[in-house]
Structure formats: structure tokens, C-alpha cells
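Participant: Protein chains in written order, with the numbering used here: chain C, 29 to 241; chain Z, 169 to 609; chain E, 3 to 825.
It is worth saying that the hints were derived from the structure and are not from the lab.
For clarity, every value in this text was computed on a predicted model and none was experimentally measured.
Accuracy of the hints is not assured; some may be wrong.
As the list claims (entries may be wrong) - Simulated pairs of lysine-lysine, DSS-like, Cα-Cα distance not exceeding 25 Å: (1) E/K45 x E/K542; (2) C/K234 x Z/K416; (3) Z/K390 x Z/K201; (4) Z/K232 x Z/K390; (5) Z/K201 x Z/K213; (6) C/K83 x E/K65; (7) Z/K232 x C/K83; (8) E/K45 x E/K301; (9) Z/K352 x E/K395; (10) E/K88 x E/K140; (11) E/K88 x Z/K232; (12) E/K542 x E/K301; (13) C/K234 x Z/K232; (14) E/K88 x E/K65; (15) E/K788 x E/K822; (16) Z/K359 x E/K395; (17) Z/K359 x C/K83; (18) Z/K359 x E/K45; (19) Z/K183 x Z/K201; (20) Z/K232 x Z/K416; (21) C/K83 x E/K746; (22) E/K88 x E/K128; (23) Z/K183 x Z/K390; (24) Z/K359 x E/K65; (25) E/K140 x E/K301; (26) E/K88 x Z/K359; (27) E/K746 x E/K250; (28) Z/K213 x Z/K232; (29) E/K788 x Z/K352; (30) Z/K213 x Z/K390; (31) Z/K416 x Z/K390.
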Amino acid sequence: MSDLPPQGLPVDPAVDRGRAPERSAQEIPELHEVGCPDELREEIEERMSRYPDRKSASIPALWAVQRRYGWCTPEGIRQAAAVMRVTPAYLESVASFYDLLHTSPVGEHQVHVCTNISCWMRGADELLEAFAEAAGCDPHEARHGALSADGKVFLSGFECLGACDIAPMASIDERYFGPLEEGDAARAVEQLVAGQDVLPEKALAKRGLAGDA
Amino acid sequence: MPETRVLLEHAEDPKLRTIDGYRGHGGYASLEKAYRQMEPDEVLKELEDSGLRGRGGAGFAMGKKASFLPRGDMAKYLCCNADESEPGAFKDRELMQRNPHQLIEGIAIAARAAGAGHAFIFIRGEYDLQADILDEAVAEAYEAGFLGANILGSHCDLELVVHRGAGAYICGEETALLDALEGKRGNPRLKPPFPAVQGLYGGPTLINNVETLSNVPHIVGKGAEWFRGFGTEQSPGTKVVSVSGRVKRPGNYEVELGIPTRELICDLAGGPLNGCELKAFYPGGSSSPVLTAEEGLDLPYSFEAMAEAGSMLGSGSIIVADHTVSIPHMALRTARFYHHESCGKCTPCREGTNWTVKMLERVVRGEATPMDLDIVASVQENIIGNCLCVLGDSMAMPVGAMVRKFRDEFERTIAEASGSLAEPERIAAVQAPPEAIGTMP
Amino acid sequence: MSKGREVTIVVDGREVSAVEGEMLHDAATRGDVEIPVFCYEPKLGDPVGACRMCLVEIEGIPKLQTSCSTPVRDGMVVHTRTEQVKEAQNAVVEFLLVNHPLDCPVCDKGGECPLQDITMGWGPGKSRFTDPKRHFEKPLPLSPLVAIDRERCILCYRCVRFSQEVAEDSQLQLLERGDRTYVGTFDERPYVAPFHGNITDICPVGALTNYTYRFRARPWDVEEAGSVCTLCPSQCNVSFTVRDEQVKRVIARDNEEVDDGWLCDRGRYGFEMFGAEERVTGPQLRGGAEAGWEEAIAKAAEGLRAAGAASAAIVGDASNEEGYLVQRLLRQALGSPHVESRRAGGPSRETLLRLALPELALRTRDIDEADAILVVGTDPLHEMSILDLRIRKAIRRNGARLVVATDRPTALDGGAAAVHRYAPGDAASVFSELAESDVLREAEKVAIVWGERLGREDEATLHALLDLAETLGLAGNDGSGLLEVPELANGRGLREAGCLPDAGPGLTLAPFGRISRPNGASMGKTTEEIRAALESGELKSLILFGADPLRDFPDTAAWERALTAAEHVVVFSMFENGTTAKADVVFPLETHAEKDGTVTHPDGRLQRVRPSAARPGDIRPNYGVLAELSLALGHDTGVTSQPSAFAALANEVPFYSGIDDSVITGRGIRWQDLNAAKVEKASGAGSPDTERGAPGGSTESGDAARGVASADPAPDASPASGLTLGTYRDLWAGPITELNPPLKFLQPQQRVEVSPADAERLGLSSGDAVRVSQNGSSIEARAEIKERVQQGVCFLIEGVGDANANELLNGGPVEVEIRKVES
Ligand SMILES: Cc1cc2nc3c(=O)[nH]c(=O)nc-3n(C[C@H](O)[C@H](O)[C@H](O)COP(=O)(O)O)c2cc1C
Ligand code: SF4
Ligand code: FES
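Take the sequences, apply the hints, and build the full model.
Facilitator: So, in C-alpha cells, the structure goes:
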């Protein structure tokens, strides 16, 4: 848009689509307007009931939306907002603050490769590149998040995941694996896409204490 | 030198995770003692006497903090800080994954001391496995009557909710944690008022780290005197230390506070990788000013010794760098972390972390001059003490220390990188494309 | 406010007295020590301490502290100019400029920009930052009215705090985190909310600017002219930014007693309609023919003279002086008592007097400190917008408890401790419930905000209100009382100026009529009676001053007939409309930017409207036109100027006596604070008028006399039949959006709000086209399902250009049928 004096008023596409004041982002949507699936509504309501203040359930509610739709879609946010009686803007603001909640589409599977200090010292950059190659996405883009060529895997460099003992490591569909070698990347992506158990021998869940090794 | 396992005792037993396994090792006896035989004030006194210091970073005396909560029957809260997101720290993960009931028992006892009726475990969103484990354990504890209404007939109630975060280091800062738990963006609040007076939902709130609370059943079970038998006068007890980076056996080791740092790094963690030489380390997570090997290896690993050396014990996480590690690059990684995690609320942290990253990127690209290093140092000075919370300082202190202690290496890096600008591959290896950093979609 | 004790602190060596607990920044400012701030703005609520600009040194505390968030303690010693403080200030300014584009030469804020000023005064002089700054597309429309330049934003939180903590629309939010943070809305939708323009006033940089002002002027070639907005009864204090005698911008002129420093978007952007094509810019004769002033006045006078006492006048949008002169013209020049200022219904003089008792009067500011607030018969958001913000503030910051009692769900329901709903037309029934309300009974200070619309029902409703006030012991209880939300912007002023059928200036028994009765009172006709009498030929001539019955009054068809039947119609109007089309003579009206006069705020505050802009075309001051017309009819008012007009008015209104410009000043004066005793004197004069439904009198006969159909919501009518129709005046209905290019996008389309249950019964979904009909007349609308609408009722908007709900009204609540139409 140029910085010249506007001729008349700017035409906002949203206004063109006929958003009268009350159709704007302003209102807390009413449930009947948003078509919220019952299970989602029940889950959010159950979450709200756990806290002295219903707003505390905003992160759990957004998790529920993300699990259902793959990411925090505008429709999903409106559904959660209607159940929680808050504005959609409020929930979007919350969602966008947190790294694990996505306000734009991501793949079915998520691979977060830690590139923070300890992992970096043990080859995290190379591991991320190996994942990028395996998934067929641009390694530079992958630092901040990129979709695999087939759109199924979302790969992203990540800050310290709290597993420096298994550096370099990755969180794959929310479970930790490490220490990983470059060769593990291709295998992991294959297994993910094929719906198999991923790198079972490298799962953090199965490790013993370092001092007992 | 062996470990001194108190919190990690029996941790190798996979059944410890279940309530039966935990009780098989004597678990929940302290809770029964605290609820059946002790008045809240007695529990509080035991905790105060133990001298237990917070294991989350600041090292504040836990019992003292609990005593700051006002008496009376207003709604009070307890929050367990399980956000553990500081680079280098992974001890809380281990404690929750292997021994969730120890934490739950600690929370229930601390809640009795503080008069809290509602407790929350704020666990970082990435710890999915551990959150599931906690959820199961909490359900078991409710079932057994250790949580819920009228615990063991004491007329005390305690609700405990496991609250998963969603990925933001700042939520580990205690007031940001409160905002996040209230369902907001995790921005730190102004202090005062302190959470002990006005915290969650405006009520008095006790906030403690996972490891701090995991110590509580042992103190109440065996007494403050027993606890003080470990560690030093000012740093009593044992500490689960996360050691990582360029060592042979990275991992969590539980030791008495005050043992020589060298034993942790060189014995327990196996020392430097073959053919490498220790260069420097962060003694207490990425927020602690780095110590060179000479400065730090022979210091006792205690709160007071680290503070005296101009650094801090922090969360008790050691990250080791050897001679293969470029300090300017390490400074850049550190700065990038804080830049990425700055909540953006206050100016010096938001802009200072951004500016520092940009300058350090120029340093490693060879596009800086030694004068820029002065600016880097000065910007760190301008951040320290001027921010709303200490996240800004947490970058400025280690980065400032690195520039100060390794000035030569910074200057050498600039010179080398500017000489090799012609080799695009090398640059690509160390730098992100400038447009990918700090600019908006 | 519960004030803390007085303490003394030392700032830069100077002793400053302060109130314990107040923020150090404020105390220092009072001691003439300026501490720079960006995020601090007490109007927005608690300080956030985010920008770090206000750091100071406090003896005994090692770290610098933010003075905006540090409460003062006795004996505090503070330094704001030490080396350490200067370094911190330099650092913060330098950090703020890291990502600021410094495009001041092309920035609208240039010359009035806090960032510019503070950089000059407290910055390091130069920046060492040489790296690339962050980039955003700029400027982008945040709404059709406000542009956002995210590169200039310094993330001070002010605008989002306004949205969250003042307007509470929670639409404007921060998105993302850290230095990627930006101000935005859900799904990039426009920020459309009734108060959103305020963010352009509070943004300390040029990040938020008005499209209506972009590149229109620079601070050094404009003048600021203080006046009062008369677009609604809030009567907010405004400052017109004037260039070449034209209004270029409207900004708030902070008056804590009136508006708290906020404006609604009507007031802020409404001025663009001053130049609308439809504006009447000179006298016109029938058919829109332009006429000279002399000719038009002669023509108007001729018709009026012919009708004589068979004339009537209805006053709408007018100043006190104008209202006074109209009633004087009617009563003294024409000898007619038929003067009204109410669109429909309205209580008798006696009831009005009781409602206006000074000991029952609530100051607007009292709401801030009230323990409980009752909102009854009005939705302040639509009828007196700025009050909505004040009530929210009382709840949010003072813990006031709110009770809402309305037919239609209000914007305030969400914050209410209790909500009572009644069927349209049946407000009387709710007062017995309210008398039992624990929230109200337990409160020490109770503020009752009530809608004049309650007076559209029979008089018993207002007596019930007075009884409630008595039950709650409001009279004489300082900080408690009644505040009316009138239908007209100057509704209170007009009534006090004598625009009532049964009362003259000062609510005295109307003294001027020739048709007087034994007690000396003159009995004029009410609005409905005027309409009926015009239709029947009993009245022959009508003056409409700033009133548009075809849009604003119930029963449009009957008004069409009445205006057609009238022999002579003189209309004073700002715009051409359906009513002017039926006029014999049209006179132009001034806008509130052009007018010279006074208005009376609903809480009794006289405020001065000052001419700030040039009158377009051949428009003359309205008071002068009225004086001339009087003269042409043989009555010399002696009015030659605004002061003389006001003096004549004040002379007749006992409780305005002693008030003039020097008393009103820029902030206004509540007459109760000056002349409280004088209204009682007035109320003591004369005996109750038994014919017009005096207190305790037969309300039925009162209703019959006024031709008002009796309220019958028929709740027990068979459910399959129609719904009881309620109507309300939407904030955006009327010329304000229709004639105003920048606000056009807000023009409401008629929609009928129904409950989910009724929607299901009628097979309706939101958005369906429907026909709403009543006894032969019908309008088209869209269906809108609203969870909070009660079953059995539905709501339509009054005053919209198309499908106006007034077409379906005939004086009382009506039953309507709703049918889906296939499009
Ligand atoms: C930026 C920042 C991040 C923090 N992260 C954590 C954390 O992840 N876990 C934690 O226990 N404490 C963390 N802290 C420290 C907490 O603010 C707080 O001091 C601690 O939870 C108190 O518990 P303790 O006394 O038991 O240590 C953090 C502090 C800051 C400033
Ligand atoms: S847009 Fe203006 S008011 Fe809003 S945060 Fe940015 S600088 Fe502050
Ligand atoms: S640095 Fe990778 S898990 Fe911590």
C-alpha cells in the first residue's frame, strides 16, 4: 500500500464482505453461531470446571482445538471462544504467544529439533539439516518451521526442550528421542509417514538414569 | 565419587511411578505424618528450620517464603513450577517422570503448611510424557485419599490440577506463570505485590520448583536436622544437577551441595570428550555468567561459592564447553534463545535481546568491528537492572561475561570471518539468513 | 475516593506533599518535576510498568524503580536526574528507537508526538543502532477509520489496554511474542467497536492515526477549539481541530465530571456529516426552492399568524436558548400552549419535578464510587454511550455491583450481578423485584441510571421508580441518586427551558398561554395529541425544530397523515429528509461545531457549546432566526446575541439564576451545586394538576388523555401467535451513518432479534429474510437469533432509514407476526 493520502476511505476487504458492527471481531460468539462439535464443547467445559476462573482453561481449550483441527483455526478459536465466553481475539492473542500453539496450518506430524546450546554443541544443526533433507524442505526455513514436501511433516528448529542429556535430540509428535545421529532422521521421517513406531530404541521414556549406566 | 541419592533414590525402579511402587518404598508416610500428627504451623516450622533453598533459580529459602503468606481463610494457592525451560536444565523432567508421587506428596504437605486449598502443577507443554505420568499419578492420589476433600480426616481439602503450558520459557518466571495459569499471555507482572501476598486470582500464592517440593516429604519425614546433615551451612541438602554439553556422560546427578564442581563434571559426567580440553562452563543454566575452567572447576558447587565467583548456582545445570566450542557462537546461541523467549512486554529486554542478536550475528559473520564489541558490552549494561523481570538480565549477564572474559576470541572470530567472507558455504553454516531473524511475516 | 493520608516526599531536593498510595510519578508531576512516561496512563487502569521510561532512584532501594507504579511512602527521597537515572533514560530511549522508523517528516503525529518530545528531552542524542529494523506492511487499515503503522509502534500497551480494560471489547490484542509482537485483531478482521477511536488519542506515537485526519493538517497550522458534543446526552467535552474554519478532527477534552476523557466514535467521526450534500445551507420554501431570509421568515410568519393558537411546536435537537425561544414564540407570540420536546409519552410536570429533586440527583462522577448501580430501562451503550464506559470502570476498578433491568439484553449484562428482564412495555412490573434486590439493598451508595423511555409507558412506571428510590433511601444520601438517560441529547435542558406542554421555563406552571385554567396553568398537547389534532384539523400549523417525526417518532404512517393535513409546517433542520419535504418553510440548523449556546447535561450540568467552525452557505445563528420570527409575529424577545438569549432564559428559570459564561467556564456547572434550593421553590408553586395524572392520581385517565394505548404485553396470549415487539434506538441508526461517508459502513440493517426457542418454532435461522408485520403494516428484516432475548418477544431498531421499526409502533407495545420470505 502506498503512503499517499487516501482517496476517500480505504476499502477494507472484510468490510466489503458486509461485516456490520456486530459481525465484527467484537462480539463473543453465541454457541448456535459457531457449530461447535459436542465433544469439543464438553471437553472445554470439563476443563473450565477444574479452575476457580473459567478463563484459566484458555490454554487447555486451545490444545483441544489444535488436537481436533490440527492447528488453532479461526473457526476452532471461535468455537472455543463461544464455549468460554471470551472474544476470539483474546484466544488468538493467547495462542500466538505460545510456541506450541499454531495459528497457521501445520502438518499432521511435528518434529521439533532442539538447536539450543547443548544440542548445538553436539551436532544439532547437522541433525536439523538431515531432517530437512529427509522431509524435503528447505533447511534454512526449517529453523523457523517448514512443511515437508508431502505436507505431512512440520519440521522446526526449537529452543531447549529440556533434554540436553540426550543431545542432539528431537521431539517427534510430542515424545522425546535422542541422542540422534544424522542417519536417524531419514528413518524417523519414513516411520512417521508410514504410521510406524518411531525410533523405539531412542525413546527417552526407555532410558535409565545417567548415573546407573 | 558416588552420588548421594535422596530424591533419586529408587529411581531405577520402574514401579516407583505407581502409587503402590511409591508406597512400597515408604512413600506417603510423610503426608500421613503431616496431616495426622502435625499442625500446619509445625510443618511450616520444620520447613523453615531445614533451610531448604529454592531449586528453581533464585535460591530463596522455601520455608521463609511459605511463612510470608498471610493467615486467615481467604483462598490461597500453591503453584508448582514445572516449566523447566532454561537451556541446560532437565532435572525436573527426571523427577516427574521417575517419581511423580514424591512431588505430589511434597505439594500436599507444602499446601498444608501454607494453608492452600488449590494447587497447580504448571508443566511445560513440551513435557507431554511427563504430564501424562503426572495425570495418572494425581488420579491415583485422589483415589487413595491423599488429595481431594478432607484429606485423611484432617478437614483440609486440596484440589490439584496438572496444567500443561504451551511453549514459552518466560512462563517459568513466577508471575508470568500466574498470568499463564489465569489463561492469559504469559507476561510477568510488576512486583510488588509479591505472589505470596497477591498472586493467582489475586490470592496469596506459594510458588515453588519441582525439585524444591520434592524435597519436602523427606524433610518432614526425617526432620530438618537430618536434612541439614547434607550440604553446607548455607546450602543444605542434596541437589539434582543436570550436566550437559561436551562431556562423556551427560545426565542428572544427585550430589550433596558443596562438593567440588570438578567431581560433577569430570567424575560423574565423565569429563571432556576424548581428545578435548575443558574451556568454560555455565554453572547454573544458560542464565548464569560463564566461568572459565580455571575459575570454576575447583569451586564448591554451592549457592554461596558460585555467587562469590560472580556467577550463580541457579537451577543447578552445568553446560560444558570444550576447546572446539566457539565462544562467540555460544554467545549468539544464548542471545538467540533469550531473544526468542523475551515476552516483549518491557523495552530493554525486547529491544536489547534483538539488538544483541543482530550484533553477535555480525560478529560471527565478520561484519563487526572491535568497537561493536564495546557496544555489545554496553547494551548488556543497559539491560541489566532496567527490565521488568530478570529475563533480560539472564541474557545480559552471560553474554556480558563472555565478551569480557573472551574478548580476544571475539576479536579473532571477527577477523577470521571477515577474511573468509568469500566462502559462502562457511557463512551459511554459521548464520541464518538475515531476513529470517527479527523480521515479521 | 477513600483518600489516604497526606505525606511528604522529597523529589530532587524539593519537598512535595502527596497522598499516601498515589503513584510517585503523579506526586512528582504535582511538584513540577517532569518524569517521562510512555505506557503510564492512569485512565487505563493499573500501571503496567512496561516501557521503563520513568525509572528513578529511590534512596534505600538499590535498583531503579518505575515511578509510574511505585506508591509514595512518607519521607521517600527520590532522585530523577542522577547519572544512573540519566543512563537508564538514555538506554530506554535508545532501545525504543531500535525498531522505530523515525519517519517523522511524513508522520501525522509529527509535532504532537510524545516519542519525539521525550527523545529530544531525555534521549542520548544519537543512536548506535545500525542494523536493519523490523518491517511491516504500512499503513494498514486496523478499521475503516483507523490506520495502523506497526513499524512506528513502541508496544506501550496503551491501545490494547483501552480495548481490554476501558471499552472491554477485548478486540484489540497483542499477537505473537517478544519483538515480533504486534497489535492486531482476531483473524485480521477490522476493529469495529463503538469507542475504538480513542486509541488514536492515547497512542504516544504515530502508529494509530485517523483516516479522516491523515495528511489533512500539521499541528502548526491548526487551532484547537473547545466545545461540547451534542450528538447524544453524554455531552462529552471535545476539542475541534480546526483548519481554514473547518473541522478536521475531534479529540477528547478530558472532563472527569462528564466523559472521563473518552469519546465514542459518533462524537469523534460524526463531524464529517457537517458537510454532507443533504445539508440544508439556507432557507427553503416548499419543494426545496431556495429563498432569501426575509422572504422565508415572512412566509413562515404568515402561516403561523394565520393559525395563531392552533399552532404547535416540537423541539428535538436544540440548545437551551433555542428551546427557550421556540416555547416563547409559541406561548407569547402565538398564544399556543402546545410545546413538546418528547418523542412519545412522558410524565407530567409533577412527576418531572419529583424526579428532578436536587437531593435525588446523581452526579455522573458519583457512579465511580457507587457500591451498586442499577441500570433500568436503557442500554447506555446505545443511548448515552460514554456512561457505558463509566459503569464498566466502576465495576472493574471499584468493585461496584451492577443490576440491569431492561426489556432488551444490554451490553452491560455480562458484568452484572443480577439481570432482570421484562416484556416490552411492562417495565412497571420489574420494580417490585428490584425493591427486593439484595444487591441494591445491601449497598450504601446506589446509583440508578434510568431511561427516559420508561416514561413512554404510563406514569405509574416512573412512580414505581420514585418509590424504589425512596425504599432505598436515596434522597439526601450523598453519592446516591437518580440519573436519567434522556432520549434527546439536550432532553433535560429543553424541559428546563420550558419545552413541555404543562410547564414553562424552570418547570414552573406554564404561564404564557392564553388558554389558561383557574390555577393559572396552561394545558398544552403532548406529541401524540399534537399529531392527532393536526390530523383532525384542530391544529393547523406546526413548527418542528430539530425534530424529524417521520424517522424518530412512533407511528410513521400517522405522522405522514398529520404532516399532510397540516396547513402550515415550518421545519428547522440540519438535513433534507422526509419531513423537510413536507414543509412549507425550511430553515437551516447549525451543527454543534457552529452553534453558540448552552446545553444541560442529564446530571444538571450546564455546558457551553462554542462556535468553532464557519457556518456553510447562508446559515444564520438559530437563536437570531427565532428572535426574528418572533418579532415578525409581533413579539420582541429582545434577544440579539447568545448571552442575551441565555440571560433571558436564566431570568425565567429560577435555578439557572446567577449562571452565566463566567460560571459555566470550560468545565460546566451543575445548577444543583449552585441553586439547589430554587427548584424546591419552583416545585412548591402552584397546586398539583389533577387532570394530568398527578402522583397517586388515576393513571388510566392520564393515559386516555394522552391517547396512549395501554400497555398490554399479552404474555398469556397463545404462544403460537405473534411476538411482543420491543424497539430500541441503535447507536448507529440515523443520519450519523447514512450521511457520513466514513461511518457509512456502520449503518445498521434492520434485523429482528428473536430467542433461539422462537426461532426454532418459526423455523428461522440467523440471516433469513423475514417480514415483520403488525395490523396491516410490515417491514422487511433479517432474522438474528440471540441467546439472551427472552422467549415471546422480539426487537427491532428504530430510526433506520429503511424498514424503520417506528412504522410498526402506535404508542404501546404491539404484537407482530414474523414470516420468512423466500428471496
Ligand atoms: C525468565 C525466568 C525463567 C524461570 N524459569 C523457571 C523454571 O522454569 N522453573 C522454575 O522452577 N523456576 C524458574 N524461574 C524462577 C521462578 O521465578 C521462581 O523463582 C521459582 O519458581 C521459585 O521456586 P523455588 O523458590 O522453589 O526455586 C524462572 C525465573 C525467570 C526470571
Ligand atoms: S500502537 Fe501505539 S498505543 Fe498501541 S502499543 Fe503501539 S505505540 Fe502503544
Ligand atoms: S540444548 Fe538441546 S535439549 Fe537442551
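Participant: Between the alpha carbons of Z/K232 and C/K83, is the straight-line distance 25 Å or under?
Facilitator: violated, 31 Å
Participant: Is Z/K183 within 25 Å of Z/K390, Cα to Cα?
Facilitator: The hint holds at about 23 Å.
Participant: Is the straight-line distance between the alpha-carbon of E/K746 and that of E/K250 25 Å or less?
Facilitator: holds, 18 Å
Participant: Hey, E/K88 versus E/K65, does the alpha-carbon distance stay inside 25 Å?
Facilitator: holds, 14 Å
Participant: Are Z/K359 and C/K83 close enough, with their CA atoms no more than 25 Å apart?
Facilitator: Given that 25 Å is the threshold and the Cα spacing comes to 23 Å, the pair holds.
Participant: Can you confirm whether the C-alpha distance between E/K45 and E/K542 stays at or below 25 Å?
Facilitator: violated, 54 Å
Participant: Taking 25 Å as the top limit, are the C-alpha atoms of Z/K213 and Z/K232 close enough?
Facilitator: holds, 9 Å
Participant: Given the proposed pairing of C/K234 with Z/K232, does the C-alpha separation stay at or below 25 Å?
Facilitator: Status violated; Cα separation ~39 Å.
Participant: Run the distance test for Z/K359 versus E/K65: straight-line Cα separation, threshold 25 Å.
Facilitator: holds, 13 Å
Participant: Under the criterion that the straight-line Cα-Cα distance not exceed 25 Å, is the pair Z/K183, Z/K201 satisfied?
Facilitator: Between Z/K183 and Z/K201 the Cα gap is close to 24 Å, so the pair holds against 25 Å.
Participant: Measure nothing beyond the straight line between the CA atoms of E/K88 and Z/K359; if it is 25 Å or shorter, mark the hint as holding.
Facilitator: Holds. E/K88 to Z/K359 sits at ~23 Å (cutoff 25 Å).
Participant: Quick one, are E/K88 and E/K128 close enough, alpha carbons at most 25 Å?
Facilitator: holds, 14 Å
This entry does not satisfy hints 1, 6, 7, 8, 10, 11, 13, 20, 21, 25, 29, 31, going by the numbered hints stated previously.
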